[in-house]
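2 protein chains.
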Amino acid sequence: MRMPSAGRLLSTILFLAAILVAPNLARSKQAGVQDPLPSWNEGASKKSIVDFVTRVSKEGGPDFVPVDQRIATFDNDGTLWVEQPIYTQFIFLMDRMRSLAPHHPEWKTTQPYAAAVSGDLKALAASGEIGLVKLFMVTHAGTTTEEFPPIVENWLATAKQKRFDKQYTECVYQPMIELLAYMRANGFKTYIVSGGGVDFMRVFSEKVYGVPPEQVVGSSLKTKFEMRDGEPIILRLDEIGSVDDGPGKPENIDRMIGRRPIAAFGNSDGDLPMLQWTAAGPGPRFMLLVHHTDAEREYAYDRHSPVGRLDKAWDEAVAKGWTVVDMKNDWKQIFAFQK
Amino acid sequence: MRMPSAGRLLSTILFLAAILVAPNLARSKQAGVQDPLPSWNEGASKKSIVDFVTRVSKEGGPDFVPVDQRIATFDNDGTLWVEQPIYTQFIFLMDRMRSLAPHHPEWKTTQPYAAAVSGDLKALAASGEIGLVKLFMVTHAGTTTEEFPPIVENWLATAKQKRFDKQYTECVYQPMIELLAYMRANGFKTYIVSGGGVDFMRVFSEKVYGVPPEQVVGSSLKTKFEMRDGEPIILRLDEIGSVDDGPGKPENIDRMIGRRPIAAFGNSDGDLPMLQWTAAGPGPRFMLLVHHTDAEREYAYDRHSPVGRLDKAWDEAVAKGWTVVDMKNDWKQIFAFQK
Chain A
1 MRMPSAGRLL STILFLAAIL VAPNLARSKQ AGVQDPLPSW NEGASKKSIV DFVTRVSKEG
61 GPDFVPVDQR IATFDNDGTL WVEQPIYTQF IFLMDRMRSL APHHPEWKTT QPYAAAVSGD
121 LKALAASGEI GLVKLFMVTH AGTTTEEFPP IVENWLATAK QKRFDKQYTE CVYQPMIELL
181 AYMRANGFKT YIVSGGGVDF MRVFSEKVYG VPPEQVVGSS LKTKFEMRDG EPIILRLDEI
241 GSVDDGPGKP ENIDRMIGRR PIAAFGNSDG DLPMLQWTAA GPGPRFMLLV HHTDAEREYA
301 YDRHSPVGRL DKAWDEAVAK GWTVVDMKND WKQIFAFQK
Chain B
340 MRMPSAGRLL STILFLAAIL VAPNLARSKQ AGVQDPLPSW NEGASKKSIV DFVTRVSKEG
400 GPDFVPVDQR IATFDNDGTL WVEQPIYTQF IFLMDRMRSL APHHPEWKTT QPYAAAVSGD
460 LKALAASGEI GLVKLFMVTH AGTTTEEFPP IVENWLATAK QKRFDKQYTE CVYQPMIELL
520 AYMRANGFKT YIVSGGGVDF MRVFSEKVYG VPPEQVVGSS LKTKFEMRDG EPIILRLDEI
580 GSVDDGPGKP ENIDRMIGRR PIAAFGNSDG DLPMLQWTAA GPGPRFMLLV HHTDAEREYA
640 YDRHSPVGRL DKAWDEAVAK GWTVVDMKND WKQIFAFQK
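Chains as they are written, first to last, in our numbering: chain A, 1 to 339; chain B, 340 to 678.
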């Protein structure tokens with residue numbers, strides 16, 4: 001009798017295994033299938049997400065998109081974490097400025113610095129994301145790449161969002177955290193594209209959102225490489241490099257990512273150009289706006305809010321059939337701490 | 340007789356498979372172990388690369404670096420592909436300019452435009468990478484994100500490097516292609532950080548180097564998002580956004596990647612700040628310069644070449660013990676077409 005080769009023996013064994021074990025495996029797999037979006041109520045919003053992700057990742061299907069083209073961009077403030085009563089980074093900058101104010105008497109008479117030092121949230125909010133960049137500039141020009149992250153880390157570890165009495169990195173939307181993970185599990189590369197400072201967001205983006213620093217796009221100062229005492233440093237200059245808001249979002253996506261996203265997520269008019277740019281590409285597309293409708297569990301605001309105004313983008317979303325999430329009705333849970 | 344459960348049956352089958360098949364698999368695996376860098380001659384350069392990659396990827400070892408921090412940056416011109424007698428992108432731009440010249444009589448009297456139109460390679464080379472950016476600007480301002488890539492694709496498909504009579508994308512260094520793949524196989528994220536135009540390089544980087552567009556950093560024009568006939572477009576403006584050469588390299592690495600590389604590869608003084616920035620971080624570091632020493636198979640140039648001058652960076656590499664590749668002696672093969 002001729003001995004079968006190891007290869008044929010392996011084939012036979014695998015064939016037996018398939019016949020005998022496969023039905024059991026199939027059953028246990030079915031039992032183990034978990035809803036990847038448990039904090040989302042069943043409804044049109046959740047369905048639109050799952051339908052899109054399923055369609056683009058179905059190999060051989062008419063809407064299949066190769067993995068390398070599955071780029072999804074997410075705004076941060078108001079889309080992934082709380083932006084009321086004012087952008088978190090404003091609070092951070094105000095805290096920084098108060099400690100620096102004694103050396104800057106001129107801040108008392110010039111906006112948005114005066115508002116920051118006196119804690120006038122309304123005036124600060126009115127200065128918009130450009131005001132934020134100005135504060136960013138005045139507090140961080142002169143710091144090096146190495147000096148900045150520990151300042152942010154220390155602040156995040158101690159500061160609290162007043163209304164919820166939680167750390168800011170806990171004030172992130174649980175349904176969006178699930179959505180980020182769900183999209184990555186289906187081959188998407190998830191990016192943050194936000195008006196916030198890129199150096200600020202990169203400190204926590206990986207830990208909080210699973211988005212590594214190189215996938216964070218944000219507002220920035222110009223920088224300068226130089227040698228100091230024989231050591232190379234990169235200094236933040238007193239000059240705006242990029243304001244990553246409104247048209248700045250698609251411009252920076254083009255410059256930094258170099259591909260057009262196939263899915264984009266935002267919550268305000270500042271996200272409209274990013275959603276328009278995403279929508280205008282060929283093949284399947286997905287655009288979503290988070291509408292803040294839940295004054296009880298979070299905040300309710302839209303057309304008339306100085307922070308996170310949702311007006312033109314809302315109209316366009318309705319006209320074009322983009323997904324508009326109604327936080328109150330679409331989200332079973334908003335924060336992980338609100339069980 | 341009690342029937343075994345499917346689970347126990349599977350265990351038994353896998354156990355049998357392990358006993359019967361494993362020795363054969365082990366043998367074939369051993370036989371199949373291939374040198375990941377076959378175009379590199381054995382010697383100090385190759386050894387330094389393999390030592391570094393082995394050390395940082397050895398879990399539990401003293402020099403282990405987590406995968407997410409394994410960032411490696413590569414210059415393009417002269418490091419991954421031929422840059423003599425002049426940067427490839429110059430040739431591309433000259434070809435573009437000749438077709439546009441009749442509409443621009445002013446180009447006849449102003450450098451580097453006059454040199455480009457008349458084909459004066461020496462004057463062009465003297466204008467450096469900033470000259471390149473100027474030509475880039477004048478030929479591409481006004482084009483949209485969608486219009487540019489097909490122009491580059493068409494040119495690459497037809498233009499040839501004169502001396503080798505090969506397409507430019509064939510004039511890439513086989514040992515470096517192997518090195519890119521070897522590093523990626525060991526968990527590195529490989530980036531191109533080059534003085535060349537980012538929009539130009541992104542057209543071929545994935546196909547030729549396996550580096551996707553979002554991992555290409557380069558020189559760029561400012562851009563502007565706007566609506567044209569109801570469609571969003573991104574226009575290249577007649578204004579330099581960033582010159583990714585010299586100090587611009589670490590500045591752009593910081594801005595676009597947001598992490599300090601642990602390995603950097605270049606060939607000229609324009610790469611020195613990137614290598615210095617890489618070297619100055621904590622933990623294991625690897626810096627490499629390609630020295631063009633092979634006039635027969637490629638080109639030989641260093642301290643006095645206007646294109647790809649290697650002078651200060653060479654001195655610093657020697658002083659600091661960085662790896663300096665001697666193309667003539669370290670590379671068994673330079674191009675895939677030179678078997």
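Quick caveat, the hints were computed from the structure, so don't treat them as lab data.
All C-beta atoms, glycine included, are put in the ideal place defined by N, C-alpha and C.
Heads up, a few of these hints could be off.
Said to hold, decoys possible - Computed spacing ranges between beta-carbons, pair by pair:
{"#": "1", "chain 1": "A", "residue 1": "R228", "chain 2": "B", "residue 2": "Q677", "range": "41 to 47 Å"}
{"#": "2", "chain 1": "B", "residue 1": "K563", "chain 2": "A", "residue 2": "K108", "range": "32 to 38 Å"}
{"#": "3", "chain 1": "A", "residue 1": "A44", "chain 2": "B", "residue 2": "K397", "range": "46 to 52 Å"}
Unchecked claim - Pulled from the structure, derived: some chain B residues nowhere near chain A, Cβ distances all over 10 Å:
{"#": "4", "residue": "F403"}
{"#": "5", "residue": "H443"}
{"#": "6", "residue": "T449"}
{"#": "7", "residue": "K528"}
{"#": "8", "residue": "E570"}
{"#": "9", "residue": "G580"}
{"#": "10", "residue": "R598"}
{"#": "11", "residue": "R599"}
{"#": "12", "residue": "A634"}
{"#": "13", "residue": "K671"}
Each hint tested on the structure:
In this structure, R228/A and Q677/B meet the distance hint of 41 to 47 Å, their C-beta atoms being roughly 45 Å apart. For the hinted restraint 32 to 38 Å between K563/B and K108/A, the CB-CB distance of approximately 37 Å keeps it satisfied. In this structure, A44/A and K397/B meet the distance hint of 46 to 52 Å, their C-beta atoms being roughly 51 Å apart. The non-interface label for F403/B is consistent with chain A: the shortest C-beta to C-beta separation is roughly 19 Å, beyond 10 Å.
Chain A leaves H443/B outside its interface by the beta-carbon criterion, the shortest separation being 26 Å against a cut-off of 10 Å. With 10 Å as the threshold on Cβ separation, the claim that T449/B sits away from chain A holds: the shortest Cβ distance comes to roughly 28 Å. The claim that K528/B lies off the interface is violated: its Cβ sits roughly 8 Å from the closest Cβ of chain A, which falls inside the 10 Å cut-off. Listed as outside the interface, E570/B is inconsistent with that label: its C-beta sits roughly 6 Å from the nearest C-beta of chain A, within the 10 Å cut-off.
Not every CB of chain A lies more than 10 Å from the CB of G580/B, the least distance being 7 Å, so the non-interface label is violated. Residue-level check failed: R598/B sits 5 Å from the nearest beta carbon of chain A, not beyond 10 Å. The beta carbon of R599/B is not kept farther than 10 Å from every beta carbon of chain A, the shortest such distance being approximately 8 Å. Taking the minimum C-beta to C-beta distance to chain A, about 34 Å, the non-interface status of A634/B holds against the 10 Å cut.
Residue-level check passed: K671/B sits 32 Å from the nearest beta carbon of chain A, beyond 10 Å.
Checked against the numbered hints given earlier, the structure breaks hints 7, 8, 9, 10, 11 and satisfies all the rest.
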